[in-house]
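Colleague: Top line first, the protein sequences correspond to chains A and B. End of the first sequence = 503 in this note's numbering, gap-free, step of one. End of the second sequence = 367 in this note's numbering, gap-free, step of one.
Among these hints, one or two may not hold up.
Unchecked claim - If you want the ones that stay clear, here's a sample from chain A, every Cβ over 10 Å from chain B, calculated:
1) Thr-24
2) Phe-92
3) Glu-103
4) Thr-167
5) Asn-278
6) Thr-303
7) Gly-304
8) His-329
9) Pro-337
10) Leu-345
11) Asn-348
12) Glu-353
13) Asp-358
14) Glu-481
15) Val-501
Stated by the list, open to error - These stretches of chain A come out as covered by chain B in the derived footprint (C-beta under 8 Å, 3 or more residues):
16) 315-327
17) 362-370
Said to hold, decoys possible - Incomplete in silico selection of chain B near chain A, CB under 7 Å:
18) Glu-239
19) Ala-243
20) Tyr-246
Just so you know, the hints here were simulated from the structure itself, not pulled from any lab data. Each residue gets a CB set at the ideal place from its N, CA and C atoms; glycine is no exception.
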Amino acid sequence: MQAELRNITKRFGATVANEAVNLTIRPGEVLGLLGENGAGKSTLMNVLCGLYAPTAGEIVLDGKPVVFDGPGDAIRAGIGMVHQHFMLVPVFTVTENVVLGEEPVGPVDHLDRKTARAKVAEISDRYGLHVDPGALVETLPVGVQQRVEILKVLFRSADVLILDEPTAVLTPQEVDEFFKIVRALRDAGKALVFITHKLNEILEIADRISVIRRGKIVGEGDPKQMTRQDLAEMMVGHPVDFRIKRAEFAPKEVILDVSGLTVLRANREVAVNDVSLNVRSGEIVGIAGVQGNGQSALIEALTGLRPVAAGRVTFDGTDITHASVRARHAMGIAHIPEDRQRRGLIVNFTVAENMVLDSYYDRRFSGGAAIDWARVRQSTAEVVEAYDVRTQSVASAAGTLSGGNQQKLVVARELSRDTRLVIAGQPTRGLDVGSIVYIHERLIAARDEGDGILMVSSELDEILALSDRILVMFKGRVVAEFDAYAEDTDKRRIGLAMAGVAA
Amino acid sequence: MDKAMHGRLLGRTEVEDLIIVPLFAFIAALALGALTMLATRVDLATIGQSYVALLHGSVGSLNALSETLTAATPLVLAGLGLALGFRAGLFNIGAEGQIVIGGLACVIFAFSFDGLPGVILMPASLLAGALAGACYASIAGYLRAATGAHEVISTIMLNLISYRLLDYALRLPYVQKEGRADPISKSVPEAAELPRLLTALDPNLRVHAGVFLALLAVALVWWLLFRAKLGFEFRASGENPDAARYAGMNAGLIIVLAMGLAGALAGLAGANQVMGVLGRATPGFSAGIGFDAIAVALLGRSHPVGVLLAGLLFGALEAGGRQMQVEAGVSIDLIGIIQALIIVFIAAPLLVRALFPWGFRRKRAGS
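Assemble the whole structure, with the sequences as input and the hints as a guide.
Modeller: In structure tokens:
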């Protein structure tokens, strides 16, 4: 089925999310939709899948104009969306999740599991999804859960599949696997839209690329004739320099020394298993690994948020194994948490309140029991300026800032004081190119000034771009170490280590 | 509201949330209350008469105002405590028990130190009530911080325990009034009583110095929440406990302190009742104030000024309700129904918006 968006405009009040967008999605083809966060990709696709009614323009399916009154209509018309955030019931089986809402029922509302299961298995086999229909969803790896989402869409006989940032949660190997499935679907005649902001992926998988910026289609083309640089320029609107200038690698003394560290999860499972590592002054140590292999627990233990079960952590010669969060903070350890909205910020608090979230008690801001808000606002205004946080005022709620500016706010708070060690978790997840480059520059600047930096990231590109040394975590252990400057350090070898295959 | 403190005017949305929604909720509750009366075969004239009586009994005379303020004072005090807890993310159902324990401790302290001059005895008795309430509430706070026991459950249980503790204490020879067979405590010495304010005008006017206590508490809670370090920690923990922990705040300590302060304010409400209105402790002297205070805190959006206004409204409803009963012969339970309806409408702002569409700016499509 061919789907066309003709002159689609979508306004929310005075803001224009999409303006006169024309897009054709053809069967047997993967259309890559490239754009930064906030460029209007999701709004456009939400129009296509019936969540939003367009302000102007029309949707045409196989030559016939259609009007969707809600997502149900779009699904019945054969348009299915695989959301970035999975919408699965963890304690249900694959089959139960897939048929949810469309259950085959026998007499007296009896759920016909046998038919359901057979149908799910049949679809899974037809497109090479390799999913066990009887498995509990919560026991499945993320990559397989994603295939369950695809199964859900296929079960509802979708001919047009919209994949929203599908690779965000996958390892490089899983991405390869996923691309095989996408190609199988394409070859079976499905029309696919692949939404992403990752340049390499879109060049690899798309048959045709449309770039969206500020709600408009600003470029279209054939991936075979386009380069990464072209696409980045189109997406951002100006030339982008991916190379960040950095001082020569000259690490000095060891600043963070971790030996034999073991950390448990709340359910007593081992999250971090006998990890030893060190970070030197003036170097960036990148920890690569698929999410859920103990990186979060490692960071929490190093920042004092999670108790250490065994092992020892020394910072600059002082034992801090059991030091409090605040004590570590006072020693010059900065922490950029991996989830800015849940852990780094309070979205309903103002920018100023967020800026002093971990320093409000400091003598600079409070004499006695009260906080001197005038001084806080003034200091915040300075830092906001210095770190280019775009906000209406320091009294705006942090939640009103864009994702990139929210993260800049966190980075500004953590780096604007005297730091010696920076612990950063997923520092650029979900950000636009401009903010990513900015935050990378700041981290490198901190390194050049002699800070030690420990960075966890599941984006291998980010690890490779920033790190001086790369460690790979798998199932709670550090399973490999790479010298970022060595000739044979590449994505493939690191990817294998991430998957637990000894390098 | 906390945005206003940063020097920004209230936006249209805030005005709608804070003023228009409660106003319409009140109107809708009165209308439904009238329908309820109709359904129970009260004729229209009586309904009209009863609402006139409600107005008359709450603000229609000096005595009515005095009764409104008397009823509002403990609601404001306990409501402030609950609001503090809500801000810190704690849903404290235990104000009732904290009022009982605070009031009881206050009475016992006051008659135990009979003979001390009033300037010492009165504040010390208030303090005894506040401390006892704080300690009692801290039990739930500690259980939450140390074991994760949910405060909703533990405070409800502590309420039940407090009633039985009161029954038991009132039978103790030390506490029970001499020569009485029924459970009733000795009286608060006159020196410790909160002075009535308007007896010069009319000896029956019951409004007492607790009103100033409540106003002082409003100012203090406002300062604590929006100016003090501790209040910043409370609000941070309430808005986003993870972020507060990540910023190095001590979650357990904050929980215990927030519960303790909430209990202190509820204990003060109890002390206010025994020292200003009742003069002694009797079974059930708390009279459900701790539960009404939950509604007051919710209606006031956990803002000290909002709590003050909501407390006055509920005080007015209570005082007016009594007059309704006297003048129109309508059951006082109707006031309970109207109070409950107000809360239902407040809790469902979308319903209010749908009922009174012209009061609100039109919602932007899709946003």
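Colleague: Which numbered conditions among the earlier hints are violated in the structure presented, ordered from lowest to highest?
Modeller: 6, 7, 8, 9, 10, 11, 12, 13
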